[in-house]
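K.L.:
Straight run, no breaks: the sequence shown in my numbering ends on number 366.
If you are wondering where the hints come from, they were derived from the structure by calculation, not from laboratory data.
Incorrect hints may appear among the rest.
[Claimed, not checked] No more than 30 Å apart at the CA atoms, straight line, and that leaves these computed lysine-lysine pairs for DSS-like:
1) LYS285 with LYS239
2) LYS239 with LYS265
3) LYS237 with LYS204
The structure presented is a predicted model; accordingly, all values stated were derived computationally and were not measured.
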Amino acid sequence: MSLIRTLSGAKPSITLPKGAIDTQMHAYLPGYPALPGGPGLPAGDLPTPEQYRQFMDWIGIDRVIVTQGMAHQLDNSNLVACLEWFGDIAWGIAAVDASTSEAELDRLSAARVRGARIMNLPGGAANLTKLEEVDAIAASRDWMIAIQFDGSDILDYEERLSKLKSRWVLDHHGKFFCGVTPDSPQVKATKRLIDGGRCWFKFAGAYESSKTGGPDFEDVAAVARSMAAHAPERIVWGSNWPHNLARAQADYPDDAALADTVLGWLPDEAARRLALVDNPQRLFGIPPAGDR
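Produce the entire structure from the sequences given, and follow the hints as far as they go.
P.N.:
If you want it as structure tokens, here you go:
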């Protein structure tokens, strides 16, 4: 049976604020095949920008950051095409490294790319060995960096991360595969990096690293609440649509329920406005919704 993505239904109980930004999603258009070295395209029907637009209306999202899927490695053509499809409600995070030409970087900037991606997990196009070269690219263009790795090892990378010149976000709740609590050394290191002034923390994909599992993800929730209390001005949120790791229907989440769960880890409406509107505007260097 093919995986089916739900795109409508009962809305989340939590109403997203006007101008809400989803900072973590992927979209795919026909004609852009998966490239060697990557994880392949998502299961089921191709998750297109048109499908995601329906998803936005359902969940209450107004703006979006489209992240380069690793199926396409360092070829950002699909990303650029998706950004063109979305128009002025969307910005992008590309996969680049020192081999990316200045002409290509110019093309990406013109297409509304505002960030670069480090993916230090299987299938990643630019991993942590390329951190400094990607940082140099991002800093030269006032881009941010989205960094994803097994946060269990963050102590090994803390010094390098603390020296980044660019704004950056630690993806997917830190992805602490080892299992952590708010008092774990890895969480304390993350807070130190946030206090350093350039690091943000993303609520997205809780199911990917939770040891306790859904629907409540108690272990990830405890760390998320601790992070939100420590630095409410540094939290951003992402839907992680279309949930690329889901290969079977049983693995696919209820997106409205998931949004309620994760956004419920923020203490109040003011904190949600920060995480969904003000903080991502600062991280990505994008204007308020009324100024587009």
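K.L.:
Hints the structure violates: just list their numbers, smallest first.
P.N.:
Going through the list in order, the structure violates hint 1 alone and respects the others.
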